[in-house]
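**Q** One letter stands for each residue in the lines below.
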Amino acid sequence: MAATLLHTPLYERHVELGARMVPFAGWEMPVQYEGVIPEHRAVRADAGVFDVSHMGELEVEGPHARDLLQHALSNDVDKLEPGQAQYTLLTNERGGIIDDLIVYRVGDCSYLLVVNASNRAAAYAWLKEREIPGSDVRDVSDDCALLAVQGPKAIERLGLPPATAFTFAESSIDGVEVMVNRTGYTGEDGCELLCMSEDAVRLWDAVLERGAVPCGLGARDTLRLEVCYPLHGNDIGPDTDAISAGLGWACALDKEFEGVEVLRRVKADVPERRLVAFVMEDKAIPRQGMPIEGGGEVTSGSHSPMLEIGIGLGYVPVAQAQPETELTIDVRGRPRRARVVKKPIYKRED
Amino acid sequence: MAAAESYPDDLKYHEEHDWARVEGDEAVVGITWFAADALGELVHFEAPEVGATVTKDQSYGEVESVKAVSDLIAPLSGEVLEVNAQVVDAPETVNEDPYGNGWLLRIRLADSGEVDALLDVGAYRDLLAQQ
Chain H
1 MAATLLHTPL YERHVELGAR MVPFAGWEMP VQYEGVIPEH RAVRADAGVF
51 DVSHMGELEV EGPHARDLLQ HALSNDVDKL EPGQAQYTLL TNERGGIIDD
101 LIVYRVGDCS YLLVVNASNR AAAYAWLKER EIPGSDVRDV SDDCALLAVQ
151 GPKAIERLGL PPATAFTFAE SSIDGVEVMV NRTGYTGEDG CELLCMSEDA
201 VRLWDAVLER GAVPCGLGAR DTLRLEVCYP LHGNDIGPDT DAISAGLGWA
251 CALDKEFEGV EVLRRVKADV PERRLVAFVM EDKAIPRQGM PIEGGGEVTS
301 GSHSPMLEIG IGLGYVPVAQ AQPETELTID VRGRPRRARV VKKPIYKRED
Chain C
1001 MAAAESYPDD LKYHEEHDWA RVEGDEAVVG ITWFAADALG ELVHFEAPEV
1051 GATVTKDQSY GEVESVKAVS DLIAPLSGEV LEVNAQVVDA PETVNEDPYG
1101 NGWLLRIRLA DSGEVDALLD VGAYRDLLAQ Q
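Chains as they are written, first to last, in the numbering used here: chain H, 1 to 350; chain C, 1001 to 1131.
Think of the hints as simulated: they come from the structure by calculation, not from any bench. Every value quoted in this text rests on a predicted model; they were computed, and no experiment measured them. Any given hint might turn out to be false.
Short, incomplete list of chain H residues facing chain C, as computed with Cβ under 8 Å [said to hold, decoys possible]:
1) Q32
2) V36
3) A45
4) T222
5) K283
6) S302
7) H303
8) L307
Each residue gets a CB set at the ideal place from its N, CA and C atoms; glycine is no exception.
Model the full assembly from the supplied sequences, consistent with the hints where possible.
**A** Set out below in structure tokens:
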């Protein structure tokens, strides 16, 4: 391997558990322990824990932190009270997506941004360049570890009280100080626990002791795909716009932010293509990059452990974007039938 | 449950991690424990048609896990007599029992002389030791 891969504070724990380690965004991360499918099902049925310490944390502080973020991010940060969080996009001047992230309003003049590992440097540089007097952007990722504890029993297993999604609070888990964020990337109830790097091993051991199943990035990907959460780098990126990606709900088009004119225009003109969810009708597994007949392309594809069929996300011309539309996907030269479905692909039967 | 690592003595092996059980002018073929473990739980078997011809050292199909796709390399040449329907329906059978219920094809050999070019279990284990 050419470059040295980074390790989270939990690297030794992953190796001890027998994880299969793979390079991901410059980090050596666990892709699976027991297996993607059992880990996926553990999260749907009970609780799983993911080391997502590779993700980046940026602090934005100062009396004008709000002004900086309101102009850089697509969603309306003024909707946040301290203790609340929001899904939002860091957009470029073309309305493209530099990163998708969650912004936490920590205090009146203090925000925390949790960004994708692969975009940490780009997001930091973008915001740093746009600093205004009275705002300060700092990359505090190296001080932080982040564990996602997800599943219908996650909160109960951690001994935490129920709380509204997209809120957060200081707490402690078995003596470890944590910020408990009611957020996640699996479509399940649960939380993301932010702690100091030096506390990561104690927190990980406590969460495992409480019965959460260690889960790798493989299950994280299939879980998010079943509920149609886009993955930056696959489904969205600097050259795709939020409206075509179905993320208009995270864009406050009535405020001014980078690229907003482009997004307003795309919305008014109706986008040429849309990011749709589909399920395979034939036995086949769609994969990123496969052509969809009619000019589309698969951006994420895998096997759904819950539905036990191939599923995916992809861009198709608007004429093919309605649910129930039949698609034909080129699976390494073989035409295979798929059907557009409403998002999410998987929904718990209550 | 995935099977424990094993490489039966009575099989012939191909360096692409396939095995063949030769019986007269027919052979049953599959993938080794090593290949199944490297891929993880299989979720799809793209099989050839019965009657198709497979050629030694060339791809005859694919197996996929959640994360990976792998070509299946024919250890021997011949005509496909039977595809294991149990694996088509439940590909994880390969992980559970790679040399038994997880077989993939039964073929009629085109040239039984090809068998001599395959590895015995000792040679295959040596190959794995170098990986």
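**Q** Now tell me, hint by hint, if it's right for this structure.
**A** Structure-based check of each hint:
This hint holds: H:Q32 has a C-beta 7 Å from the nearest C-beta of chain C, less than the 8 Å allowed. For H:V36, the suggested interface contact is upheld, since its CB lies about 4 Å from the closest CB of chain C, less than 8 Å. This hint is violated: H:A45 has a C-beta 17 Å from the nearest C-beta of chain C, more than the 8 Å allowed. Interface hint at H:T222: satisfied, since its Cβ lies 6 Å from the closest Cβ of chain C, which is below the 8 Å cut-off.
The criterion of a C-beta within 8 Å of any C-beta in chain C is met by H:K283, whose closest approach is roughly 7 Å, and the hint holds. A cut of 8 Å between beta carbons decides the hint on H:S302: the least distance to chain C is about 6 Å, and the hint holds. Taking 8 Å as the C-beta cut-off, the interface hint given for H:H303 holds, the closest approach to chain C being about 4 Å. A least Cβ separation of about 11 Å between H:L307 and chain C goes past the 8 Å threshold, and the interface hint is therefore violated.
Of the hints listed earlier, those the structure fails to meet are numbers 3, 8, in rising order.
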